[in-house]
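A.B. asks: Use these hints to put chain B onto chain A, whose structure you have.
Protein sequences, first through last, are from chains A and B. So for the first sequence, my numbering puts the first residue at 18; every next one is plus one. So for the second sequence, my numbering puts the first residue at 2; every next one is plus one.
Simulated from the structure, these hints should not be mistaken for lab results. Please read all numbers here as calculations on a predicted model, not as lab measurements. Accuracy of the hints is not assured; some may be wrong.
Stated by the list, open to error - Using 25 Å as the maximum straight-line C-alpha spacing, the simulated DSS-like pairs for lysine-lysine come out as follows:
(1) B:LYS499 - B:LYS451
(2) B:LYS34 - A:LYS177
(3) B:LYS239 - B:LYS347
(4) A:LYS177 - B:LYS101
Stated by the list, open to error - Computed beta-carbon distance windows for the label pairs:
(5) B:ASP153 - A:PRO150: 38 to 44 Å
(6) A:LEU175 - B:GLU231: 53 to 59 Å
(7) B:SER470 - A:GLY179: 31 to 37 Å
(8) A:GLY179 - B:ASP621: 54 to 60 Å
Said to hold, decoys possible - Chain A is nowhere near these chain B residues, computed Cβ spacing over 10 Å in every case:
(9) VAL39
(10) GLU157
(11) LEU191
(12) LEU257
(13) ASP261
(14) PRO264
(15) ALA274
(16) GLU279
(17) ALA298
(18) LYS347
(19) ASP351
(20) GLU604
(21) PRO644
C-beta atoms are modelled at their ideal positions from N, C-alpha and C, and glycine is treated no differently.
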Amino acid sequence: MSRTPTPPDRHTPPTVQRLRLRYSKRGRLRFTSHRDFQRALERAIRRAGLPIAYSAGFSPHPKISYAGAAPTGAASEAEYAELGLSARREPEAVRVELDAALPDGLDILEVVEASGSSLADQLEASTWEIVVPATAQAEFAAAASTLLSTGSVEVERLTKNGRRVFDIRGSVVRLEVHDPDVVTAGRTNASEGFSEPCAILQVVVRHGTPAVRPDDVLAGLRLVSGLELPRPLRATRREQGPWDAECGTVGDPLAPDRDAAVTG
Amino acid sequence: MPFFTRTRPKVYDDMAVESLFPRLEPLLPLVQKPIQYVGGELNSTVKDWDATRVRWALMYPDAYEVGLPNQGVQILYEVLNERDWILAERTYAVWPDMEKVLREHEIPQFTVDGHRPVGAFDVLGVSFATELGYTNLLTALDLAGIPLEARDRTDEHPIVLAGGHSAFNPEPIADFLDAAVLGDGEEIVLAISEVIREWKDEGCPGGRDELLMRLAASGGVYVPRFYDVEYLPDGRIKRVAPNRSGVPWRVVKHTLMDLDQWPYPKKPLVPLAETVHERFSVEIFRGCTRGCRFCQAGMITRPVRERSITTIGDMVRSGIDASGFEEVGLLSLSSADHSEIGEVAKGLADRYDGSNVSLSLPSTRVDAFNITLANELSRNGRRSGLTFAPEGGSERMRKVINKMVTEEDLIRTVATAYANGWRQVKLYFMCGLPTETDEDVLAIADLARKVIATGREVSGRRDIRCTVSIGGFVPKPHTPFQWAGQAAWETVDERLAKLRKAIRADREYGRAIGLRYHDGQPSVIEGLLSRGDRRVGRVIRAVWAAGGRFDGWSEHFSYDRWVKAAGEALAEEPVDLDWYTIRDRDAAEVLPWDHLDAGLDREWLWEDWQDALDEVEVEDCRWTPCYDCGVCPQMGTEIQIGPTGQKLLPIAAVSHS
Numbered sequence: 018m019s020r021t022p023t024p025p026d027r028h029t030p031p032t033v034q035r036l037r038l039r040y041s042k043r044g045r046l047r048f049t050s051h052r053d054f055q056r057a058l059e060r061a062i063r064r065a066g067l068p069i070a071y072s073a074g075f076s077p078h079p080k081i082s083y084a085g086a087a088p089t090g091a092a093s094e095a096e097y098a099e100l101g102l103s104a105r106r107e108p109e110a111v112r113v114e115l116d117a118a119l120p121d122g123l124d125i126l127e128v129v130e131a132s133g134s135s136l137a138d139q140l141e142a143s144t145w146e147i148v149v150p151a152t153a154q155a156e157f158a159a160a161a162s163t164l165l166s167t168g169s170v171e172v173e174r175l176t177k178n179g180r181r182v183f184d185i186r187g188s189v190v191r192l193e194v195h196d197p198d199v200v201t202a203g204r205t206n207a208s209e210g211f212s213e214p215c216a217i218l219q220v221v222v223r224h225g226t227p228a229v230r231p232d233d234v235l236a237g238l239r240l241v242s243g244l245e246l247p248r249p250l251r252a253t254r255r256e257q258g259p260w261d262a263e264c265g266t267v268g269d270p271l272a273p274d275r276d277a278a279v280t281g
Numbered sequence: 002m003p004f005f006t007r008t009r010p011k012v013y014d015d016m017a018v019e020s021l022f023p024r025l026e027p028l029l030p031l032v033q034k035p036i037q038y039v040g041g042e043l044n045s046t047v048k049d050w051d052a053t054r055v056r057w058a059l060m061y062p063d064a065y066e067v068g069l070p071n072q073g074v075q076i077l078y079e080v081l082n083e084r085d086w087i088l089a090e091r092t093y094a095v096w097p098d099m100e101k102v103l104r105e106h107e108i109p110q111f112t113v114d115g116h117r118p119v120g121a122f123d124v125l126g127v128s129f130a131t132e133l134g135y136t137n138l139l140t141a142l143d144l145a146g147i148p149l150e151a152r153d154r155t156d157e158h159p160i161v162l163a164g165g166h167s168a169f170n171p172e173p174i175a176d177f178l179d180a181a182v183l184g185d186g187e188e189i190v191l192a193i194s195e196v197i198r199e200w201k202d203e204g205c206p207g208g209r210d211e212l213l214m215r216l217a218a219s220g221g222v223y224v225p226r227f228y229d230v231e232y233l234p235d236g237r238i239k240r241v242a243p244n245r246s247g248v249p250w251r252v253v254k255h256t257l258m259d260l261d262q263w264p265y266p267k268k269p270l271v272p273l274a275e276t277v278h279e280r281f282s283v284e285i286f287r288g289c290t291r292g293c294r295f296c297q298a299g300m301i302t303r304p305v306r307e308r309s310i311t312t313i314g315d316m317v318r319s320g321i322d323a324s325g326f327e328e329v330g331l332l333s334l335s336s337a338d339h340s341e342i343g344e345v346a347k348g349l350a351d352r353y354d355g356s357n358v359s360l361s362l363p364s365t366r367v368d369a370f371n372i373t374l375a376n377e378l379s380r381n382g383r384r385s386g387l388t389f390a391p392e393g394g395s396e397r398m399r400k401v402i403n404k405m406v407t408e409e410d411l412i413r414t415v416a417t418a419y420a421n422g423w424r425q426v427k428l429y430f431m432c433g434l435p436t437e438t439d440e441d442v443l444a445i446a447d448l449a450r451k452v453i454a455t456g457r458e459v460s461g462r463r464d465i466r467c468t469v470s471i472g473g474f475v476p477k478p479h480t481p482f483q484w485a486g487q488a489a490w491e492t493v494d495e496r497l498a499k500l501r502k503a504i505r506a507d508r509e510y511g512r513a514i515g516l517r518y519h520d521g522q523p524s525v526i527e528g529l530l531s532r533g534d535r536r537v538g539r540v541i542r543a544v545w546a547a548g549g550r551f552d553g554w555s556e557h558f559s560y561d562r563w564v565k566a567a568g569e570a571l572a573e574e575p576v577d578l579d580w581y582t583i584r585d586r587d588a589a590e591v592l593p594w595d596h597l598d599a600g601l602d603r604e605w606l607w608e609d610w611q612d613a614l615d616e617v618e619v620e621d622c623r624w625t626p627c628y629d630c631g632v633c634p635q636m637g638t639e640i641q642i643g644p645t646g647q648k649l650l651p652i653a654a655v656s657h658s
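In isolation and in its complexed conformation, chain A is listed as follows:
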């Protein structure tokens, strides 16, 4: 037995394929934190028997990278992660297997093979839908227009390291209040129904440091309007991807990978 411990000679096969996933956090599982999701995904990968690649060394870690995770309590239809596999697999088969191994509410929506570009670089902006009681629709609309006409809106967030104050106005590139049917029109899989009359705040934020969250937008609206706006019923990230400043839209971050897959 050697006296100096060296990493055990485990055969750590190299990564031969990288897959990008889009997944959702729905219903009551929106209360999972990002760490909770990470553990759930790692276990699901093992249950599904996927050939995940591991890092070498004393404590090998599965090769999974995450980007731009939604805050605890927020639902999302547009979360992204990348897996390194040690054997090639058909992306759609991986989607089906992984989705079956995850609890309902954490759903794998899309899997594509990664091209060269960095996933994190693709995630420049998000579209959020914040559901609020219909009774407060007028107040939210008024607060939204005040916020948009204000140059800088400094909000406070309680973090592990104390209070942090930062401007959100620079990140908010769109903020509109709609009736729910306007927002959900034409949506094929409207996964959520609304049990009470409500209005929807559509917010597009560009990602900065820190990334502006729905709670920050709410805090900003309360601050600029001076109104006691009610607690939102739910917040859902609808899109996350590259920001197209000319069209003012959030693009599909997996588009380059899909294109590469087609041409390649």
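C.D. replies: Chain B alone, transformed into the frame defined by chain A:
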């Protein structure tokens, strides 16, 4: 002081009970770690309420992150839910932020499975691994709208039933319990369910009182209200006696004899939230006859009953498949003592070689064989640290507690460990043991020095570390030390301060030795609750009323609150906190748990206590003749150990990555 006015159906009205989740959901963003209240864990069960006849709410009275991995609750949850006529759901202690939210919005204590009100179940079964969960029981009862005191409950309230190791002396919480069960739960929960079903099918004759009477008459369920405690003028107990006919004088513990027939958990719960143990645990045997005199678990779980190597192998395989866990713990009170542990370790290590499944043996004895085992199990992974528990610092102390480890054994063991590439050794000791002196505790520093010196010598390296971890000793019921006066917290703190000073002053070795310990005050309260009688219930209630919650958590525990409550609640009694804790008891004194039968012969326990004082050791009865502790004949049980001679065969389907 029930907080809510409730409109719950009677026990025998099987009306639909609706989920509280719609009311809870909008409030979840207001609390920390909301996922712990959501349920939906992999392998959890939600049944149709109306399709079942007997319904259990199982509670672990600590936070979800501690309670979810609890083996006892997981086993009973699965055993009960396997019967189509029984429904079992889980509930845990809610954190103070959630308690506040629930009170503000008048939402009762709920289960995490169906989010049903705890008050709607037939039984609230609470598993007490430690006495420090007692205040959390009161919070849960109050939030559930169940009267705190059993005598105030009516037919519409659940039967509040305690189990777990602390239930071997449930007297301090006797006023809050309807019933308690001693020992292994697998069979008795089904027997209790049968009694409840029969009683409900008959139309609940005689109400709650008759149900409890039927349970008590079996001899296996303790119903505190059917026993009266009389006291002597000096405060000691005069006697404990049944106050009605048909109730046995002594209530006996339950012993599951064939563990291979009960391979639970089969489908371990896999939480989304982070918990204290992220692994699948397989209990490889139950019971221990090493005879460590401080160890309540070893005394009350006798005799030793092993699971066979093949059952262990099957459980590991199916548990990993069902859970996706990567870490498997082989649990027991002293895992290296399994008669085929070498084969178990080698067989499992072979099976999972090259996979990312890691195996651990959490409880390790001090001998070189353990290093062989640890090497086998760590074939795939890291060799960071090994833990050994000499428990006592000096040879003399170890004789008193019957921990038969010599200094030579320990040094030889650690030398093997360091030579095999293990870089850190953790040593576990206790402070405040009976007859202990300053010298016994300072001997810990000597041992640690020798460990480092040995480690440096055999490894040729300077970066050897040894962590010394010290717990405060608390005398427990049903052990030879049940008569011992507990050391005062001041004494414990003083000795630990001297030890720390001695280690810090050592220039050669001091920096290689880490010392971890807690202050002595919480042990005093644990001592009060461990050996208390029914009068202590008033103290618990007063502490709870003053805001006491989560007493097992240092950030929530308040010694002063307990001292104040004890002073006030016991003011009219001839007893006080010291009387319960630091006082020696004599052979004749009636102890609060004497009517509860753990199988141990009282005279044998006393002799073993005298042997302890004389520094006389006793061997393990698995390998030496019986020394008449009383358990096997008393309980109609016997030691169940191998070897079976079986081997684990490789399995084809182990996933490699």
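A.B. asks: Taking the hints in turn, state whether each one holds.
C.D. replies: So, going through the hints one by one against the coordinates:
1. Distance restraint check for LYS499 of chain B and LYS451 of chain B: the Cα-Cα separation of roughly 19 Å lies within the 25 Å cut-off, and the hinted pair is therefore satisfied.
2. For a cut-off of 25 Å, the pair hint linking LYS34 of chain B to LYS177 of chain A stands: about 14 Å separates their Cα positions.
3. For the given pair, LYS239 of chain B sits about 55 Å from LYS347 of chain B by alpha-carbon distance, which is inconsistent with the 25 Å threshold.
4. With a C-alpha separation of about 22 Å, the suggested pair LYS177 of chain A and LYS101 of chain B falls inside the 25 Å cut-off, and the hint holds.
5. The hint said 38 to 44 Å for the Cβ distance between ASP153 of chain B and PRO150 of chain A, and at roughly 41 Å that hint holds.
6. Roughly 56 Å separates the CB atoms of LEU175 of chain A and GLU231 of chain B, a value that falls within the hinted 53 to 59 Å.
7. Roughly 32 Å separates the CB atoms of SER470 of chain B and GLY179 of chain A, a value that falls within the hinted 31 to 37 Å.
8. Distance hint check for GLY179 of chain A and ASP621 of chain B: the Cβ-Cβ separation is about 55 Å, which falls inside the suggested range of 54 to 60 Å.
9. The beta carbon of VAL39 of chain B sits about 5 Å from the closest Cβ of chain A, which is not more than 10 Å, so the claim that it is off the interface is violated.
10. Remark: the non-interface label on GLU157 of chain B is consistent with the geometry, its nearest Cβ contact in chain A lying 30 Å away (cut-off 10 Å).
11. The claim that LEU191 of chain B lies off the interface holds: its Cβ sits roughly 29 Å from the closest Cβ of chain A, which is beyond the 10 Å cut-off.
12. For LEU257 of chain B, the requirement that its beta carbon stay farther than 10 Å from each beta carbon of chain A is met, with the minimum near 30 Å.
13. Under the 10 Å C-beta cut-off, the non-interface status given to ASP261 of chain B relative to chain A holds; the minimum distance is some 26 Å.
14. Interface exclusion of PRO264 of chain B from chain A stands, the closest Cβ pair being 20 Å apart, more than 10 Å.
15. Some Cβ of chain A comes within 10 Å of the Cβ of ALA274 of chain B; the nearest lies about 6 Å off, and the non-interface call is violated.
16. The beta carbon of GLU279 of chain B is not kept farther than 10 Å from every beta carbon of chain A, the shortest such distance being approximately 7 Å.
17. The beta carbon of ALA298 of chain B is kept farther than 10 Å from every beta carbon of chain A, the shortest such distance being approximately 30 Å.
18. The claim that LYS347 of chain B lies off the interface holds: its Cβ sits roughly 16 Å from the closest Cβ of chain A, which is beyond the 10 Å cut-off.
19. With a least CB separation of 15 Å from chain A, ASP351 of chain B remains clear of the 10 Å interface cut-off, as annotated.
20. Every Cβ of chain A is farther than 10 Å from the Cβ of GLU604 of chain B; the closest lies at roughly 50 Å, confirming the non-interface assignment.
21. Consistency note on PRO644 of chain B: stated as away from chain A, and its beta-carbon is indeed over 10 Å from all of that chain's, at 27 Å minimum.
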